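Chain order of the listed sequences is L and Y.
Heads up: the first sequence runs through residues 1 to 334, numbered per our numbering.
Heads up: the second sequence runs through residues 1001 to 1520, numbered per our numbering.
Don't read these hints as lab results, they were simulated from the structure.
These numbers were taken from a predicted model, which means no experiment stands behind them.
Any given hint could turn out to be false.
In silico SDA-like links for lysine to any residue, alpha-carbon gap of 20 Å or less [stated by the list, open to error]:
hint: 1; chain 1: L; residue 1: LYS183; chain 2: Y; residue 2: GLU1091
hint: 2; chain 1: Y; residue 1: LYS1221; chain 2: L; residue 2: ILE139
hint: 3; chain 1: Y; residue 1: LYS1218; chain 2: L; residue 2: PRO138
hint: 4; chain 1: Y; residue 1: LYS1130; chain 2: Y; residue 2: GLU1091
hint: 5; chain 1: L; residue 1: LYS185; chain 2: Y; residue 2: GLU1091
hint: 6; chain 1: Y; residue 1: LYS1059; chain 2: Y; residue 2: GLY1026
hint: 7; chain 1: Y; residue 1: LYS1218; chain 2: L; residue 2: LEU273
hint: 8; chain 1: L; residue 1: LYS185; chain 2: Y; residue 2: GLU1356
hint: 9; chain 1: Y; residue 1: LYS1221; chain 2: L; residue 2: PHE288
hint: 10; chain 1: Y; residue 1: LYS1221; chain 2: L; residue 2: ARG2
hint: 11; chain 1: Y; residue 1: LYS1218; chain 2: L; residue 2: GLN241
hint: 12; chain 1: L; residue 1: LYS185; chain 2: Y; residue 2: LEU1367
hint: 13; chain 1: L; residue 1: LYS185; chain 2: Y; residue 2: TRP1229
hint: 14; chain 1: L; residue 1: LYS185; chain 2: Y; residue 2: GLU1354
hint: 15; chain 1: Y; residue 1: LYS1218; chain 2: L; residue 2: ASN168
Sample of chain L residues lacking proximity to chain Y, with all beta carbon distances greater than 12 Å (derived) [as the list claims (entries may be wrong)]:
hint: 16; residue: ALA11
hint: 17; residue: PHE23
hint: 18; residue: CYS44
hint: 19; residue: ALA71
hint: 20; residue: SER83
hint: 21; residue: GLY178
hint: 22; residue: GLN227
hint: 23; residue: LEU284
hint: 24; residue: LEU318
Here a beta-carbon is modelled for each residue, glycine too, at the ideal position from N, C-alpha and C.
Residues per chain are reported as follows:
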Amino acid sequence: MRDDVKLGMTALAPEAIAGFLLFQYGWSGALAGSALLFHISACCLLMPMTYTAYIADRSKFRKWKIALSIAIIFLVPAIGILSVLIGSLLVGRFVAPGSSRFLHMINRSTYQPFRRDEDTATRAGGLREHLLGAGDSPIDYRLKALLGLQTIQPRFSAPVLRQILGDNCDDLRLLAYGMLEVKEKQIARQIDSAMERYEKFPADRFPHDHYRAAKELAELHWELVYQHLVQGDVRAHAIEQAQRYATEALNGQLYDSELRFFLGRTRLITGDLSGAASAFEAALALGFPKGRAAPYLAEFAFLKGDYATVRRTMSDALGEKHVPSLRHAAEFWN
Amino acid sequence: MNIRNDVVQADIGLLLEGTFPYVRGGVSSWVYQIIRGFPDLTFAVCFLGSREEDYGEMKYELPANVVHMEQHYLHEKGSAPSAAECPDNKEAFEVVRALHDWYGEKKLNLENQYLGRIVELDRIGRYGEKDFLYSRESWNYITELYRKNCTDPSLIDYFWTVRTMHAPLWKLMNIAVNFVPCGAYHTICTGYAGFLGALLKKGRDKPLILSEHGIYTKERKIDLFQAEWISDTRGELEKGTSEVAYFRELWVRFFETLGRECYDAADRIISLYEANRLRQVSDGAAAEKTRSIPNGIDFSHLDKLRSKRPHEIPLVVCLIGRVVPIKDVKTFIRAMRTVVNAMPGVEAWIAGPEEEDPAYARECRSLAEGLGDSVRFLGFQRIDDILPKIGLLALSSISEALPLVILEGYAAGVPCVATDVGSCRQLIEGGSAEDIALGAAGIVVGIANPEELAAAIIRLLSDSALWQSAQKAGVERVKKYYTQESMFAQYRAVYEQALTATSAVNTPPAAEKGRCVWQV
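From just these sequences and the hints, can you work out the full model?
Next up, the structure:
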């Protein structure tokens, strides 16, 4: 490579530094002066290459090369200025005077920090306190506390909501009723749609679809019980339905360990201990995870009065990673 | 749209929202009863509904003394004025600001003059819907309020919520201008109808009577707290545990404000029973304007039904009412599961129209499926036909005022099991000491409690002596405290007082036929 070209390429370094300095945050004379010095040094390094290319060049293209360079350096800005002038003239001609009122400068948007109602910041315990513990809390507080229950799992909020149904305040009673109704309605809708599928797919022609619909129906009826949305005879009816559909689903899928265990749980809740035992055993034999089974097996043993088994089962549960919520109960038993 | 337009003025202008003559129910029956109870007075009816498709045919025949009837649908896409540039109108917006400041400060028991001034500005063309929709002042005011008050980050949602909220009010302004002149106006609730009453009062200076059955604002509030259509654009970290979404609160405040305007404008505020009167006072009604007038029934007519009853107590429990969530028909059906298990042979009848909420009616039917023939859905039935056949009336509602159906049942010799809502306890156990001494005409149970409801039904149906004493107490109670004659006498006094005040002021000149007379 020729020496002048090497020098020219070296110019890239000071030019890059000059550019870097120009784009620094903030602006100062010293920064601009430094950038200029680097730029001048880059220009000096380029000079030998420019001399070779333009002045020392004796070829017939020399004039054209100089002309092209001058055109690029001077004509492009001139064309730009001309375009701006023509554009301004066109705007003046086609946009009517006074119509500039359609074009407004809008204000810079301002950052709006979000505002919270400082009076109502409270946690779940506070909600319960406002709702049940203190009958003399202002009604607005109690209403807001009740609304806060919407964010809590129905299994925990439903019993509180049911208590509120007996409250003296009409507003609270109505709202609590509405909230319970919404939760129950959601499950009722799902039951309706599962029932449609159950009827659409008879067991003899669509065994797999029928099994899935029956399993879903069993689980949805159980959900009503689990979330404390039904009581008394209706609760008993829901458990009965859950058992009925679970048994029917198992007729189509004998090896569903999860469903067998589910059936055991529904029997456990009604006090059918022998039925629950056989269902749990079958589920575990089919490979149902012991860790998940532990709390129910412990409950089963507890109901039978076999406390040594409760302790042993809970000790097993303590080693399971996926049931951290059991830790306190397991520690109690050990 | 006008249905009947016989004359150009009437004695009483009835302002009705979502009720008579398009919806069946307790309030509609009461309105029908009032119109027929005053054949010497003429009535002009203004029906306000949400959208036309929500209502079918008229459910009641208009009595002859309804000389004018018009209906308006507030949530139907109306003809908003076309977009156009509005001149600056600072003076009008000063009044708008003052009005909203007044609302914000909740100055109870102080007269609000600003709404009247806005009505006046609208009349003389200085401020109208166009200014609200398209003026720069309006935009400035809305954005100013957004910055000052809104805790939801979305300006777009705020802007459109404010617009949507105000749209029916402009329709009401228009209705108030064109409604036929009346000697006095009578609204059956607060809300939009009550606000229309306030506009008529401000614009025409005629007496306004408010009769509230339930408490409209309270019911709206409960609906709004659960409404799914209200947006909340806050991020998860911006939400407090018990903090209500800003737009939800805004809507609640809006209806509270409509209620307060109505209370403020009304000359006489009537509730059905004492607890509701106290509620009205706590919501901003001036105590001296309030009073209670209980519902009353045609005792002499219903009394005859008792002779048609069989000797034995019919093992039929009947819920008479619309099949809608507020009646909590599901709890009744659930209770019947327990009742049927304990007393096979007992039947549950549900007598009421199902078209108002077909989805809910379907859910109820599906819930009753497992009970076979024990639960029967009869649709709408005439009480004269059904009351002699039933042994017990059940009311599982989660909200009631003073249910006419309990009184009708008593007169026909049917005791009642009802939830502890509205004045049901007063109707069953008695209000005053003298009333309580008459004995219990049934059993009061907690709401949404199928077990308690079932136990009460079983107790009354299986204990003949208890049933007989409840029947006796019911007949005595209704005869003594809840007759139609007593109710009409009290309303006649209210109407006469209002119409006398009107004639003392002035009467509409003939030249103003069909238009309002503004007291400028």
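Right, here's what the structure says about each hint:
Under the criterion of a C-alpha separation no larger than 20 Å, the hint pairing LYS183(L) with GLU1091(Y) is inconsistent with the structure, at around 51 Å. For the hint pairing LYS1221(Y) with ILE139(L), the CA-to-CA distance comes to about 13 Å; that is within 20 Å, so the pair holds. Of the supplied pair hints, the one linking LYS1218(Y) and PRO138(L) holds, its CA atoms being roughly 16 Å apart against a limit of 20 Å. The hinted pair formed by LYS1130(Y) and GLU1091(Y) meets the criterion: a straight-line CA distance of about 15 Å does not exceed 20 Å.
With a CA separation close to 52 Å, the supplied pair LYS185(L) and GLU1091(Y) exceeds the 20 Å bound. As the CA atoms of LYS1059(Y) and GLY1026(Y) are separated by approximately 13 Å, the hinted pair is consistent with the 20 Å bound. Distance restraint check for LYS1218(Y) and LEU273(L): the Cα-Cα separation of roughly 49 Å exceeds the 20 Å cut-off, and the hinted pair is therefore not satisfied. This hinted pair checks out: LYS185(L) and GLU1356(Y) have alpha carbons roughly 18 Å apart, not beyond 20 Å.
A distance of roughly 49 Å separates the Cα atoms of LYS1221(Y) and PHE288(L); the hinted pair therefore is violated under the 20 Å criterion. Taken as a hint, the LYS1221(Y) and ARG2(L) pair is broken in the structure, with Cα atoms around 87 Å apart against an allowance of 20 Å. Proposed proximity of LYS1218(Y) and GLN241(L) is contradicted: the alpha carbons are some 38 Å apart, above 20 Å. Restraint check: the Cα-Cα separation between LYS185(L) and LEU1367(Y) comes to about 12 Å, which is no more than 20 Å; the hinted pair holds.
For the hint linking LYS185(L) to TRP1229(Y), the alpha-carbon distance of about 17 Å falls within 20 Å, and the restraint holds. Simply put, LYS185(L) and GLU1354(Y) have alpha-carbon atoms about 18 Å apart, close enough for the 20 Å limit, and the pair holds. Only pairs whose Cα atoms come within 20 Å are accepted, and LYS1218(Y) paired with ASN168(L) is accepted, the gap being roughly 15 Å. A cut-off of 12 Å between C-beta atoms confirms that ALA11(L) is not in contact with chain Y; the least separation is 52 Å.
Every Cβ of chain Y is farther than 12 Å from the Cβ of PHE23(L); the closest lies at roughly 34 Å, confirming the non-interface assignment. No Cβ of chain Y approaches the Cβ of CYS44(L) within 12 Å, the least distance being about 57 Å, so the stated non-interface status holds. The beta carbon of ALA71(L) sits about 52 Å from the closest Cβ of chain Y, which is more than 12 Å, so the claim that it is off the interface holds. With a minimum CB-CB distance of about 35 Å to chain Y, SER83(L) clears the 12 Å threshold, and the non-interface call stands.
Separation of GLY178(L) from chain Y is inadequate, the least Cβ-Cβ distance of about 5 Å not exceeding the 12 Å criterion. Annotated as non-interface, GLN227(L) keeps its C-beta farther than 12 Å from every C-beta of chain Y; the closest such distance is 15 Å. No Cβ of chain Y comes within 12 Å of the Cβ of LEU284(L); the nearest lies about 34 Å off, and the non-interface call holds. For LEU318(L), the non-interface assignment is confirmed: its Cβ lies about 32 Å from the closest Cβ of chain Y, beyond the 12 Å cut-off.
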